Amino acid sequence: MSKLTHKNVHNYFKLNGYHLNGKDLCQVGYSYIKEGDVYEKVIGEFLLDWFDDKEYIEMRTSGTTGLPKLVKLEKQAMIQSALATGDFFGLEPGNKALLCLPVQFIAGKMMLVRSLILGLELDIVSPSTEPLANNSTKYDFVAMVPLQVQNSIEGLKNVKKLIIGGAKMDSALEEKLLPLKTEIYETYGMTETITHIAAKRVGDSVFSILPNVKISKDERDCLVISVSSISDEPIVTNDLVELITENQFIFLGRIDNVINSGGVKLIPEQIEAKLIGKIDARFFVTGIPDTVLGEKLILVIEGEKQEFASDFFDVLGKFEKPKEIVFVPKFKENENGKLLRKPSLA
Numbered sequence: 001m002s003k004l005t006h007k008n009v010h011n012y013f014k015l016n017g018y019h020l021n022g023k024d025l026c027q028v029g030y031s032y033i034k035e036g037d038v039y040e041k042v043i044g045e046f047l048l049d050w051f052d053d054k055e056y057i058e059m060r061t062s063g064t065t066g067l068p069k070l071v072k073l074e075k076q077a078m079i080q081s082a083l084a085t086g087d088f089f090g091l092e093p094g095n096k097a098l099l100c101l102p103v104q105f106i107a108g109k110m111m112l113v114r115s116l117i118l119g120l121e122l123d124i125v126s127p128s129t130e131p132l133a134n135n136s137t138k139y140d141f142v143a144m145v146p147l148q149v150q151n152s153i154e155g156l157k158n159v160k161k162l163i164i165g166g167a168k169m170d171s172a173l174e175e176k177l178l179p180l181k182t183e184i185y186e187t188y189g190m191t192e193t194i195t196h197i198a199a200k201r202v203g204d205s206v207f208s209i210l211p212n213v214k215i216s217k218d219e220r221d222c223l224v225i226s227v228s229s230i231s232d233e234p235i236v237t238n239d240l241v242e243l244i245t246e247n248q249f250i251f252l253g254r255i256d257n258v259i260n261s262g263g264v265k266l267i268p269e270q271i272e273a274k275l276i277g278k279i280d281a282r283f284f285v286t287g288i289p290d291t292v293l294g295e296k297l298i299l300v301i302e303g304e305k306q307e308f309a310s311d312f313f314d315v316l317g318k319f320e321k322p323k324e325i326v327f328v329p330k331f332k333e334n335e336n337g338k339l340l341r342k343p344s345l346a
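In full-length UniProt numbering, the protein residues as written are 1 to 346.
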């Protein structure tokens, strides 16, 4: 079998119900750029970029592993990522998929690439906060960010497999998803790894890596990712992890978020996990400067002030109990829906 290239379009591929080849898709791209809505123009530009003669796509990173920067992603690496996703999630030619993510980000781009390479029947809708509104179509595979999932609980009965990425899910949303029949996965990845390199079922704590991925830890206990099809050099993250096996890890938290309170290092994400289901609002814990402790642990809650019983924090360890509770009317997020902790306090 000849090697797949970015010019290949699977025979089963459909876009909004129509079988289209590469030439057809370039025409669609031109049409989107000329006459489409804003989100369609971005799709059009990507289609023309994908089918040109260059071996790479240029895009800006989100800054997960450092400062945002312009990177070149090899199209062949994007193809390998699509094949790994298809293998991991058991996707088959003719499966029905939905693109409801903005294509300026890697997750949206990869839904297009997966569909082209794996032969999925792809529907495209505007990347709104309610992507399943007025849509009763049954889908085999959908990718969303947490805010879209939050607004689509009822519609998920028509989705067989859902992957969630782009931002960490809050605990309240995870509780709502646990009873659903849909296969729901939280993914782990970034632009530099060409979207996800690992996934876990909602409710589980252990991430399993996709095919052709290798993981290790550095001296800081942060995850190091090796994917030969993407990069000759390992990708060093700022994510603290516990390695379970050579193929599995538990995400503990961002090293940037670690709080040093009186010499005790606290990982906010682990404290937050213990409060799942106990607070009826979005929340996070963080550290603020303190003259005695260096950093003081506080709990930040979105919305109106609440009162808590004296035993409310008994689920937490001695040093994990917040010294103060702060209420913020509305949390701040980046354009991808990721919670911005420090700016939310400003």
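For the record, the hints were derived by calculation from the structure and aren't laboratory data. Take these hints with a grain of salt, some might be off.
As the list claims (entries may be wrong) - Label pairs and their in silico Cβ distance ranges:
no.	residue 1	residue 2	range
1	179	327	26 to 32 Å
2	92	179	24 to 30 Å
3	233	281	37 to 43 Å
4	317	238	20 to 26 Å
5	154	55	24 to 30 Å
6	232	314	48 to 54 Å
7	219	36	33 to 39 Å
8	281	93	39 to 45 Å
9	262	93	57 to 63 Å
10	327	224	36 to 42 Å
11	8	228	44 to 50 Å
12	342	24	43 to 49 Å
13	23	333	23 to 29 Å
Note that this is a predicted model, so its numbers are computed, not measured. Glycine included, each C-beta is placed from N, C-alpha and C at the ideal position.
Structure-inconsistent hints, enumerated in ascending order: Hints 5, 7, 11, 13 not satisfied by this model.
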